[in-house]
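**Q** Given next are the chains, with one letter for each unit.
There are 2 protein chains.
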Amino acid sequence: MASNVNETNNANLTKPIRCIVKLGGAAITCKNELEKINEENLGIVSSQLRQTMVSSENFVSMDWSRIPGTSEIACNVDSFGDQLRFDASKFVIVHGAGSFGHFQASKSGVHKGGMDRPLVKAGFVATRISVTTLNLEIVRALARAGIPSIGMSPFSCGWSTSGRNIASADLPAVTKAIESGFIPVLHGDAVLDDLQGCTILSGDVIIRHLAAHLKPEYVVFLTDVFGVYDRPPTEPDAVLLKEIAVREDGSWSVMKPTLQGMNKQVEITVAAHDTTGGMVTKIAEAAMIAKLGIDVYIVKAATSHSLKALSGELRGNVPDDWLGTVIRFTR
Amino acid sequence: MASNVNETNNANLTKPIRCIVKLGGAAITCKNELEKINEENLGIVSSQLRQTMVSSENFVSMDWSRIPGTSEIACNVDSFGDQLRFDASKFVIVHGAGSFGHFQASKSGVHKGGMDRPLVKAGFVATRISVTTLNLEIVRALARAGIPSIGMSPFSCGWSTSGRNIASADLPAVTKAIESGFIPVLHGDAVLDDLQGCTILSGDVIIRHLAAHLKPEYVVFLTDVFGVYDRPPTEPDAVLLKEIAVREDGSWSVMKPTLQGMNKQVEITVAAHDTTGGMVTKIAEAAMIAKLGIDVYIVKAATSHSLKALSGELRGNVPDDWLGTVIRFTR
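Chains as they are written, first to last, in the UniProt record's numbering: chain A, 1 to 331; chain B, 1 to 331.
Hints are computed from structural coordinates only; laboratory data are not their basis.
All values derive from a computational prediction rather than experimental measurement.
Keep in mind that the hints are not guaranteed to be accurate.
Straight-line Cα separation of at most 20 Å, SDA-like style, residue types lysine to any residue; simulated pairs [stated by the list, open to error]:
{"id": "1", "chain 1": "A", "residue 1": "107", "chain 2": "B", "residue 2": "300"}
{"id": "2", "chain 1": "B", "residue 1": "36", "chain 2": "A", "residue 2": "293"}
{"id": "3", "chain 1": "B", "residue 1": "112", "chain 2": "B", "residue 2": "164"}
{"id": "4", "chain 1": "A", "residue 1": "107", "chain 2": "B", "residue 2": "36"}
{"id": "5", "chain 1": "B", "residue 1": "107", "chain 2": "B", "residue 2": "89"}
{"id": "6", "chain 1": "A", "residue 1": "176", "chain 2": "B", "residue 2": "168"}
{"id": "7", "chain 1": "B", "residue 1": "31", "chain 2": "A", "residue 2": "68"}
{"id": "8", "chain 1": "A", "residue 1": "176", "chain 2": "B", "residue 2": "170"}
{"id": "9", "chain 1": "A", "residue 1": "36", "chain 2": "B", "residue 2": "68"}
{"id": "10", "chain 1": "A", "residue 1": "176", "chain 2": "B", "residue 2": "171"}
{"id": "11", "chain 1": "B", "residue 1": "107", "chain 2": "A", "residue 2": "71"}
{"id": "12", "chain 1": "A", "residue 1": "15", "chain 2": "B", "residue 2": "116"}
Required output: the full structure, derived from the provided sequences and hints.
**A** Right under this line is the structure:
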């Protein structure tokens, strides 16, 4: 893969993608309460994304939905002068499921396949209802912040797997939406699998696939902790790993900070209900993206640190007071 | 096209599609109240669809969403014995927008194109948020009635137009979902247009395209009146046209009832806010489907008449007391 590192961007795109952003499920939902969005975080995240995508300070909501409890539409059509342009830079957003979908998937075993079983088929339907509910609310929040967001649900956009690896994905639909000036919003989803019938395709795997084909300038993972730690971040002595270098063979090591007696093996906790694997998957996926020569930032959502990561200003130099984890390719 | 009338069904499908159903926007939403679903009708329609798709009387909800106002999930996993099979016959459902989407589309002029205008781009985003909100609630209602429904949003499934005619459509994604035992649920949508930038692709045009390629045994349009009338059905002397014959040249004539002094030209009303054209489009689209040798039934949703149409029993013989309009090909 190393020979691909400096390849030009996908020929189907007239301009390269600037950034792929993962909205971690834990950052935008209340992970311990079923199907509940963290509205405050989602609002700040949406606002930060607009600031980094659109240079202008002016924005108008693109969510013209009926205001709950009224018969009115929140629509300010008169604000749309032809002056107000949306020359948004090219972003792709992918979100996780958090407290949406996991219950339905794990209860039915959708990730293990076996679509001929009624429970699995029903769980597939129930999982998709849950994750598309979240997707719609995220698209709505982004639109409300002035971002021309477009939901693209992987299952219905032709994404499928074979033995849990991606077998097909309708990338032209994604690039066409980007070329038309929209911000595609994908998500972890239940999909068909050629070998086991069905499975769960995680947002992290989707991001790796998109990164490999769209070659963004950088990738940002927004999460609910400051980055990757040497042990579970709830432990008092946990140390934030600020820079991880990934080598050509896929192995990785901590460059900053230089710690005495640090565990060589970074301890990882995986929430029991996380059917797609937690931080283990995240680091492995991030390392594979970094191997393509694309910087990856893992950072706490809705903070000044996430705004810096999203803006791309860390690509030149990471300030000492920045909190987060940079994962970079090194020769 | 006449030579195609008796052609075999699409080779990609192991079994032919039984029926394509249009859920008319007027039948499942409150057309005079913005973004409001007609829950009662939608519930009856969902139940009638399950009765005609699944032979068994037993069913379990496949909507395991959090119950509003509680922190509980409505999920009855224990009811899923391996005995409970979903050998649903192959249906495709397409719904209109009703009081969803029309406001956003007409306010911004999405149907007229011009995506470089900020108002049109914002309207495109707003329209899709509104129609996908409706789609999700219909998928949820169908799943609650025990139907393995899968939302497939045309824009994100690769449907696009050229000069408002369909230019591309990801039919393999639809047939793959059907082959996997799911019921795809598509809808009228804002889509990209090669010539004018964007437009509205109506549910009726989607149905014609699906009918031409999937060759269902019959097509049912569920609407809010008993069928097609010789004049606006609100007029006291309006007569229900029970049978319309379509000839090879696309012209059509009323076979039943035989009326003295009937208007040759059937009067049609089009609601002012219906950006995709009302009954004019519907009859024209229905006639084009009938020309393929596929019977079309236009019938009032959530009635004993709609249940008969959905079941397919009208294909042999239409009883005299059945209320609705049959549109058939005649040589």
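**Q** Does each hint hold? Answer for all of them.
**A** Quick rundown of the hints versus the structure:
no., hint, in the structure
1, 107/A with 300/B, "violated, 39 Å"
2, 36/B with 293/A, "violated, 49 Å"
3, 112/B with 164/B, "holds, 10 Å"
4, 107/A with 36/B, "violated, 32 Å"
5, 107/B with 89/B, "violated, 40 Å"
6, 176/A with 168/B, "holds, 13 Å"
7, 31/B with 68/A, "holds, 17 Å"
8, 176/A with 170/B, "holds, 14 Å"
9, 36/A with 68/B, "holds, 11 Å"
10, 176/A with 171/B, "holds, 18 Å"
11, 107/B with 71/A, "holds, 17 Å"
12, 15/A with 116/B, "holds, 17 Å"
Checked against the numbered hints above, the structure breaks hints 1, 2, 4 and 5 and satisfies the rest.
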